[in-house]
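Participant: Single-letter residue listing:
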Amino acid sequence: MQLTVWTYEGPPHVGALRIATAMQGVHYVLHAPQGDTYADLLFTMIERRPTRPPVSYTTFAARDLGGNTAEAFKRTARDAVARYAPQALLVGASCTGELIQDDPGGLARALGLSIPVIPLELSAYQRKENWGAAETFYQLVRTLVEPVLPSPATPRPPRAPGVAPSCNILGPAALGFRHRDDLVEVRRLLDALGIRVNVVAPEGATPADLARLPDADFNVVLYPEIASTAAAWLTRRAGQPATTTIPIGIGATREFVEEVARLAGVDPAPVLARLAGLPPRRRAGAAPLAPAHARLPWYSRSVDSTYLTGKRVFIFGDATHAIAAARMASEEFGFTVVGLGTYAREFARDVRAAAARYGLEALITDDYLEVEAKIAELHPELVLGTQMERHTAKRLGVPCAVISAPMHVQDFPARYAPQMGIEGANVIFDTWVHPLMMGLEEHLLTLFREDFEFHEAPSHLGAAARAPGAEAERAAESFAPSAATTASAPPDAAPSLPPSAAAAVSLTPPVAPAPASSDTLSWSSEAELELKKIPFFVRGKARRNTERYAREHGLALITVEDLYDAKAHFSR
Amino acid sequence: MSTSDTASAPPPAPATPSRCVEIHHERGQHQVFCGLTGIIWLHRKIQDAFFLVVGSRTCAHLMQSAAGVMIFAEPRFGTAIIEDRDLAGLADAHRELDRVVTRLLERRPDIRMLFLVGSCPSEVIKLDLARAAERLSATFSPRVRVVDYTGSGLETSFTQGEDACLAALVPSLPATTDTTPSLLVVGTLADVVEDQFRRQFAALGIARVDFFPPRRSTELPAVGPATRFLLAQPFLRDTAQALERRGATHLPAPFPLGAEGTRGWLQAAADAFAVSPATFTAATAAAQDRAERALAHYRPQLAGKRVFLFPDSQLEPVLARFLARELGMTLVEVGTPFLHRAHLAADLALLEALPTTTRLTEGQDVDAQLDRCRAARPDLVVCGLGLANPLEAEGLTTKWSIELVFSPIHGFDQAGDLAELFARPLLRRQRLAL
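These protein sequence lines map, in sequence, to chains A and B. FYI, this note's numbering numbers position 183 of the first sequence as 183, with every residue one higher than the one before it. Adding 572 to a residue's 1-based position in the second sequence gives its number in this note's numbering.
Heads up, a few of these hints could be off.
As the list claims (entries may be wrong) - Simulated coverage check for chain A against chain B, where a stretch passes if three residues somewhere in it have a Cβ under 8 Å from a Cβ of chain B:
(1) 75-83
(2) 102-116
(3) 124-132
(4) 226-233
(5) 260-274
(6) 327-339
I should point out that these hints are in silico values taken from the structure, not numbers from a laboratory. Backbone N, C-alpha and C define an ideal beta-carbon position, used for all residues, glycine too.
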């Protein structure tokens, strides 16, 4: 058993629902107990879809368990087909449905329906949402494409002369992080390159559309978490190459354009020019800057962004967005990536390889407490993560931006907000810098009103002091120097104390054993006051470095001099 | 497996089935929450309790989706997710549960009561949570009391989770042999409402009043043969039975929604405690008058509007009574997941007094019900969030029903607020020039 409060991914049948909801003409009959219909809310509320997801739940209850649940499944499937007249039917079980072993696939086959039936085996106790989406999409593609393909040995005929190259776009789905606008942006890139889009799937596609997938010359895979299994099968079976670059960020978009142009046999130069991001030069009478023009390169080079250099950033999310964010942070923002991780074990290898490029060991976990502990330990100045990291960062008082699912309703914005392509880079520049500006404002506030510094983050300190967990304690200790160094004082008394009183408290000998990290060290009142003059968001790191320095040099009492010695010692 | 299966048949209902209110029973797809969602408000009510769901990732995902906005807080609930290796053998599952609980209680030393909450998966694999609760109670006694109940979708829908939780707590209530009658108010109420009712009962001269659930698990009210209890919520069948088994007496009453309901509810207590009519009038007149004035404000907007209620919380018949009698709305259909005829007798009697034919539906076949709703084109549809936006997109005005469980709606001073919840979507539709 795994103790969890928040989960990064839902169960695999939610992934299947994301595929069914994205598509047209597909219905999903889900063998599930009463209550599992909560999943509809993800689509109607978080994504604000104006229609019910195309899913019929059997919603069996205890009284049905006596043996007629199979009959309930058959009735639901029959009714759904009669009512919704889908072109293809997905059938499967939720976690409880899996336990009662009614075999939806076999039951649906026994109904003798006249449409393709795709049984889904989703291992709810081993797998999760993204895997469920990928598997569902793969099964759909395979079932619907296989019958229209020539025998495996037949080579793919070359494209007829004069016919524009074409591709499919694979991956956009319901409940995807900015899938709606990414798709628009990628279509723009392909348009500009003169590449025709054959089918977009699963979003908006019908089963008949899926049967046309082999008509394209190649596949553009936007979200490997969802589409890589299907794309790999199409490569093997239909001879369609697939892209491997994810166009998030200027550098990655450039490589994506080059890759796509190579697969299509077209010239990438006109599109690459728009990615150069030269500072705009307005001539009299010239049109305003074209919308499809990268501003990130110039914004990032402009002197206003100099202060971004070396900002320490922690990145966590699904593999695709985390890897892309790390590259952008490092190459396009000039940040220092201090932590990189993912909850997607299926893509752990890719994230480990990416982390190695920044000299890091990737954090592969789906336990948000582990992520929280890592963030607390690393003292980043910016966290790029999911909805969960937003909450962690808020508790720890660290600026944060959301780069990946899971997300909440505010990350399904009304405005155009892609992550991919040219406009995506523009969006990302604004999104990531915005919380830092706020951080800087806080910093200035602190510098000139040091008496009130604890008021900067009273909530996180209060919450951490009340939470007895090891991780939370560590977080409190890392981000609240006085609470850690004054182990004898009640933790939640510290924030309300003026600095002098806090310093006085710190001189009283601890009555309880001090935490291991501060073992025999103590801070002089002057040094502690001096420490508080360090900007809030780097103070934790300064405290840690100073204590490390003191320990390495055998010091028991840290003075102001030691603080500055440590600063010189660790300066880069 | 469930208390509901073993439950004795409800006592004969005082109200015979009505000729005016037609009752239908329906089976099919249910579009309702499971009982786990009760944790969302129960964990805030009982402040030193922790709710540990023993279930699957689906359960954790449900809790997260339902409580997403509260994520900032350090929540007092979590899920022990059953994994493949737990399914291999039950002995392991119990060891695993002990490990998880030990870790949890180390992390949260402030917890005094731990609820092990059963889910569909834990029930299907027949994980014996009652035995686990007994074992863990022995281990962590006296600091922590461990109680089990089921919130599974197999057994419970939405608010029945609270019923299951409270029913599981009843055996833990201290016994009293005191012969002086005392009043117990049963069902989660907003703190502000609880305080209002305390003042109201004091004004009636009913001195000994307890509320169940209490705000802290250490303040469990005593129960005994002299205990009279009023249900504040209509979904407490098992809890009421458990209290009756402890010797307590149920006071039949309409539920305290709206001025009429609140008055009837207080009257039931007043009658049981022999409060004089003069005292009753003196204690309630001002508040009732305030409620009437607040309702008068919304009546012009709501009177004559046709309302259709989908099943959600079992509050529906009570809400329907309020909407029809106090605001003049016309009831098209009133759906409820479960209808406890004895507990709802007073409300149904009031409904039946209406010169209208209303379809009352117990259970659900959501597709058929949607067909009826679309055909009727009501002015207002009360439904869950899975249906609300799709119906709005079809041009129907909706009031999402879950809000009714999360808002202070009971008592005289909330009658206007309750009416406002229904008036707001209609007003909004008028305002938007879109």
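Participant: Now, for every hint given, state plainly whether the structure supports it.
Facilitator: Evaluation of the provided hints:
Chain B is given as covering the segment 75-83 of chain A, and this holds because 3 residues of the stretch bring a CB closer than 8 Å to a CB of that chain, at least three being needed. By the rule of at least three residues with a Cβ nearer than 8 Å to a Cβ of chain B, the coverage given for the segment 102-116 of chain A is violated, with 0 such residues. Under the rule that three or more residues need a Cβ within less than 8 Å of chain B, the assignment of the segment 124-132 of chain A holds, with 4 such residues. Beta-carbon proximity to chain B at under 8 Å applies to 0 residues in the segment 226-233 of chain A; the threshold of 3 is not reached and the given coverage is violated.
Using a Cβ-Cβ cut-off of 8 Å, 0 residues of the segment 260-274 of chain A lie near chain B, which falls short of the minimum of three, so the contact claim is violated. Only when three residues or more bring their CB closer than 8 Å to a CB of chain B does the claim for the segment 327-339 of chain A stand; here the count is 0, and the claim is violated.
The earlier numbered hints that this structure contradicts are 2, 4, 5, 6.
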